[in-house]
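J.: Listed below are the residues making up each chain.
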Amino acid sequence: MASTLLVLLIVSGGFDAGARISGAFPAGGLARNHSQTAILGAHVGYSTGPMRFELGYDYVSLPGLLGNPYSLTVQQASVNSGWQFVRQPDWGLEAVLGGGYGIAGRSYSRSSESGNVGLGQFGLNFIQSARKGRLTIGMLHTLYVEARQAETYNIALSQLFAVRAGVSYVF
Amino acid sequence: MSSSRATALLAAAGLLLTGCSEMLLHRSSLDYFPLIRGSEWKYLVGKDTAYYVEVLGDTPVGNATSTAVAVNFLPEFWLKEPTSISRYFYRDTLIGSYPDVLEERYGLVYLLPFVSGNSWQDSFSQTLYGLDTFDYHRRLEARVSGPEDVPVPAGVFHDCYRIEFTEQTGGSDTTTVFSSEWLAPGVGLVKKVIGTETRELADYHIGPLTE
Chain A
126 MASTLLVLLI VSGGFDAGAR ISGAFPAGGL ARNHSQTAIL GAHVGYSTGP
176 MRFELGYDYV SLPGLLGNPY SLTVQQASVN SGWQFVRQPD WGLEAVLGGG
226 YGIAGRSYSR SSESGNVGLG QFGLNFIQSA RKGRLTIGML HTLYVEARQA
276 ETYNIALSQL FAVRAGVSYV F
Chain B
11 MSSSRATALL AAAGLLLTGC SEMLLHRSSL DYFPLIRGSE WKYLVGKDTA
61 YYVEVLGDTP VGNATSTAVA VNFLPEFWLK EPTSISRYFY RDTLIGSYPD
111 VLEERYGLVY LLPFVSGNSW QDSFSQTLYG LDTFDYHRRL EARVSGPEDV
161 PVPAGVFHDC YRIEFTEQTG GSDTTTVFSS EWLAPGVGLV KKVIGTETRE
211 LADYHIGPLT E
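One line per chain: the protein sequences are A and B, in this order.
Okay, so the first sequence: first residue is 126 according to the working numbering, each after it adds one.
Okay, so the second sequence: first residue is 11 according to the working numbering, each after it adds one.
Among the hints, a few may not be true.
[To be verified] Label pairs and their computed distance ranges (CB to CB):
hint, chain 1, residue 1, chain 2, residue 2, range
1, A, Ser237, B, Tyr62, 34 to 44 Å
2, A, Leu282, B, Val81, 32 to 42 Å
3, B, Thr93, A, Ala152, 15 to 25 Å
4, B, Ile46, A, Pro214, 34 to 44 Å
5, B, Gly106, A, Ser186, 41 to 51 Å
6, B, Lys52, A, Ser239, 28 to 38 Å
7, B, Gly56, A, Ser239, 56 to 66 Å
8, B, Glu114, A, Ser237, 32 to 42 Å
9, A, Leu260, B, Asp159, 44 to 54 Å
10, A, Ala152, B, Lys57, 42 to 52 Å
11, A, Phe210, B, Gly217, 17 to 27 Å
12, B, Ala60, A, Gln274, 25 to 35 Å
13, B, Phe83, A, Asn241, 40 to 50 Å
[Stated by the list, open to error] Which chain B residues stay away from chain A? Per the calculated CB distances, all over 12 Å, these:
hint, residue
14, Asp41
15, Val63
16, Glu86
17, Phe99
18, Tyr100
19, Gly117
20, Leu150
21, Ser189
Think of the hints as simulated: they come from the structure by calculation, not from any bench.
The C-beta atom is built at its ideal place from N, Cα and C for all residues, glycine as well.
Next comes chain A alone, as it looks inside the complex (with noise of 0.2 Å):
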């Protein structure tokens, strides 16, 4: 019964998945210590006329500066919802906004520390489709959000910006 729901749900719907990949860029205070770096990543996503929502997973890993063994990770899965503000046949113009979550660890040589991290996306995508593959290509900054309760409750903001390429297929 559920396989079968399944079915006609990936026959019915827009669904699609696919991975991307990104050049990344810490900017603000997260530049001191990191270079730039490649984000690889896998989404899956559903569309609904002008809107699409994609759940993504995505591993960035920043390293030190002047190849010292010291690195950034964060493992992070996001929802996002898209909204194409310009649609033609084949090709479309789509703002990004989502949040996530995402598993941080600092290392240098054999030391480590962990965490986790909120995380809000915002971007713009251009989009190229053909008949079963969908093209993107875009920009995304990410926000990563940290809190914590002391005498005030306090909350750190550090910044990622990316330019990113993704390939789908559209079922």
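Given chain A's structure and the hints, the job is docking chain B onto it.
T.: Frame of chain A; chain B shown alone:
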């Protein structure tokens, strides 16, 4: 689901998820040893003794441009690089009746960025020949722990890393000094324990005072 409802749901989920975090990225972003000209720190030892530290500015020393820092009006020279902070060490002695330089170089003090559990060493040795042979050595070992909250007279500082130093210096006899420093992001040294003496930050400002 409308896009506004979806966005509101995402924002709420984000706030819930960030309810308590370890501030890991925050610590990765901050400067634990600000050497900005005009900065001043005042440390108290007990109730009566004070240490004053002031960043004077850049000056060429040795083969590099370092930052001059006055510690109780005596100059120290620090070289801050993206992955390390070194201090200019100059030590001399009398060999017979002639002065001779034991050590003149930038020695590693902090390896950046701080990560709990990380450790490093810096070693230097030299043999001076005269009427007598003089062996000099200095070895600094450091280990990071934390982060922790540090209450001092200037306030409570969060996300502080504790650096424990063991410094061995000597020739035929070796002197070992143990010390601990607590460094706060954006502030620098907030507490230091060396032997039985404890220095705690009482007042500070980063950068020059504005009128």
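J.: Going through the earlier hints one by one, which of them does the structure break, listed in rising order?
T.: Structure breaks hints 4, 5, 7, 11, 14.
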